[in-house]
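Engineer: Sequence:
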Amino acid sequence: MEFKTENIRNVALIGHSGEGKTSVCEAMLFNAKHIDRMGRTDDGNTVMDYDAEEAARKISVSLSVANLEWNGAKLNLIDVPGFFDFEGEFEAAMSVADCAVVVTGAGSNLSVGAEKALDYCIANKFPALVFINRMDTENANYVAAVEALKNRYANKIAPAQIPIMDSGKKMQGYVSLMSGKAYEFTPNGRKQIDIPAEYEDDYARLKDKLVDVAASNDEDLMNKFFEGGAITQDEIIFGVRKGIASGDAILVIAGSAAQNKGIINLMDQIVRVMPSPAYKPHDALDGSGSPVEVWADSAAPVSARVFKTIADPFVGRFNLFKVTSGCVRNGLALVNTTQDKQEKISGVFTMRGKKQEAADFLHAGDIGAFSKLSGTLTGDTLCEPSRKILFPPIPFPRPNLSLAVAGKAQGDEEKVFSGLARLREEDPTFNIVKGGETGETVLQGMGEIQLEILVRKLKNKFGAEAKLSTPKIPYRETVRKTVVAEGKHKKQSGGHGQYGHCFVRFEHLDGKDFEFAEEVVGGSVPKSYIPAVEKGLTECAKTGVLAGYPVVNLRCVLTDGSYHDVDSSEMAFKLAAALAFKKGCAEAGPVLLEPVMSVEIQIPDNYLGDIMGDLNRRRGRILGMESAGGLQAIAAEAPMSEMFKYSTDLRSMTQGRGRFTMELARYEEAPGNVAQALAAEYEKSRAKDN
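Residue numbers for the sequence shown follow our numbering, so the first one is 19 and each next one is one higher.
Nothing false has been slipped in among the hints.
What follows is a list of derived Cβ distance ranges for each label pair:
1) 490 <-> 379: 48 to 56 Å
2) 19 <-> 226: 34 to 42 Å
3) 646 <-> 265: 15 to 23 Å
4) 88 <-> 379: 20 to 28 Å
5) 541 <-> 449: 46 to 54 Å
6) 265 <-> 223: 21 to 29 Å
7) 499 <-> 556: 16 to 24 Å
8) 63 <-> 379: 30 to 38 Å
9) 626 <-> 19: 54 to 62 Å
10) 641 <-> 357: 37 to 45 Å
11) 641 <-> 499: 25 to 33 Å
It should be emphasised that the hints constitute simulated quantities derived from the structure, not laboratory data. For glycine and all other residues, C-beta sits at the position ideal for the given N, C-alpha and C.
Based on the provided sequences and hints, a complete structural model is requested.
Structural biologist: Pasting the structure below:
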């Protein structure tokens with residue numbers, strides 16, 4: 019069936035983890051007769067949570083897409099994980115969605131996930147409505163839930179219904195403020211009833227408030243309202259729709275996804291008041307790098323934005339995309355302007371969870387999937403050569419947790435790293451950092467759950483078993499004193515012997531890791547052997563004498579020595595330099611340097627005391643604070659060794675409301691107790707090796 023742009027709704031379901039977003043999708047698909055029975059998250063049999071890890075953990079771990087037809091419109095549902103480790107999925111979904119349904123519980127406290135979702139929508143003027151879920155539970159309190167929303171978002175909140183509750187305080191129907199009709203839930207859906215007498219006063223009062231919301235978003239309606247004219251139902255819908263599109267109104271309705279109560283009303287409201295993709299353009303750059311607006315026009319040249327990649331070892335790679343302009347069909351030759359590659363479109367699909375359905379064409383604004391593209395990945399732009407454009411990258415969050423990763427069994431490394439590279443096509447929010455000073459491969463991500471799931475996916479998808487561990491700290495060593503040390507290597511074992519003799523001055527050097535110089539006079543060390551001395555010192559600097567870490571800020575000056583005409587060699591002078599290094603660095607006041615991180619933290623005001631106390635316990639230093647809009651921005655420094663699990667700890671301390679970024683600031687001298695402990699550990703390992 020063909021759906022033109024004005025009849026498409028791209029809806030992201032967002033909010034806190036466990037509030038029922040996947041169940042809402044399931045009920046919608048059931049009502050649209052795309053599935054015969056509703057699955058349950060607890061049973062692991064829903065359309066949207068089809069990944070093995072989602073079924074096992076009973077949470078969504080990646081976004082999924084499903085389409086349905088309702089009242090002449092096509093709804094593209096994007097089920098977005100609410101767990102904070104998967105924030106990148108939220109950013110990907112919001113880059114292509116045109117409106118959002120924020121799912122929250124029917125209680126007096128607004129969940130953190132719902133709060134963050136609504137804050138995002140309001141800050142970005144993103145069209146949204148709130149669905150208060152689980153109205154079938156005994157403690158459900160619609161009035162308290164609405165009050166919690168109003169307390170934070172004031173006049174933007176526009177309740178659109180009054181729940182009809184039974185004696186057990188469970189929702190059995192509702193009164194629609196927009197249509198003026200009442201409905202009772204039935205096993206087969208709903209039936210219209212008269213507005214119960216006990217709800218008539220509430221209906222009149224709340225209907226007036228909804229009329230205020232509608233009128234406040236349109237000048238003509240406002241004038242009509244003040245002149246005493248009656249605002250019609252169509253005018254209410256028009257005004258509310260306009261307020262939602264501008265981000266100035268947030269409609270609130272309620273129901274129970276698990277019981278499929280109120281979901282039909284939710285679907286009706288999405289079609290009725292939520293905007294189509296044509297309401298706002300996408301920002302992009304044209305071929306010359308100038309800003310341009312891309313409108314959802316099916317008659318324009320084709321452009322598409324890839325927002326998700328699914329890597330399957332058996333089926334291959336699927337790229338989920340939104341048609342930002344033009345009409346996509348098989349056989350198109352497009353340019354990937356992100357990577358400057360040509361792509362031939364040979365497979366266009368629509369998705370319903372993991373199920374693909376071939377599509378002849380997709381109009382501007384629609385969402386689909388490509389298969390068999392050679393090099394296109396998440397965030398890439400595809401367009402016709404006649405009009406080259408480039409969409410900005412999806413603003414994925416930076417990883418802030420690091421764990422070392424290795425193959426579980428010897429020889430598995432290649433399989434593990436190959437699998438991780440494939441998984442990174444699906445999830446750009448984690449990084450793989452190989453080598454470095456410690457020689458470990460480090461996995462950087464958003465949280466422990468994300469990294470644990472990656473390891474599980476490695477095994478399930480690619481048969482590669484990996485293990486995670488706390489990474490080694492890349493400590494360094496340096497010297498504080500200036501000393502001259504002698505190194506003499508002399509060995510006679512019949513025939514030619516070995517003789518190398520040198521004096522080296524060791525001194526601290528700022529601004530450079532290592533420098534070698536020579537001040538030899540009179541040829542006491544021949545020029546041909548000086549490079550061997552330098553090589554011996556350079557190699558020794560990789561392993562310090564204090565705790566075995568690389569030595570930095572070190573200047574080594576060859577000052578004197580002696581040689582033998584027959585027994586001297588490059589190897590002998592290299593070994594002599596090594597002896598001088600060990601003796602000299604041990605006498606030059608060796609100290610341990612630890613990496614210090616620059617940390618930027620954003621938290622609500624009420625968590626300031628706890629966060630500052632915690633930073634002090636981590637040997638952190640507060641550099642400054644700035645308050646804005648109820649948030650505190652803290653600039654601090656703290657040792658890397660104290661910050662590995664900060665991502666998890668900050669979430670715990672702030673109930674998920676805190677955010678931070680971290681990067682290396684510098685190295686500085688570690689406290690004596692830290693240096694002593696590492697030196698003792700080093701000596702212990704050396705003794706064991708010997």
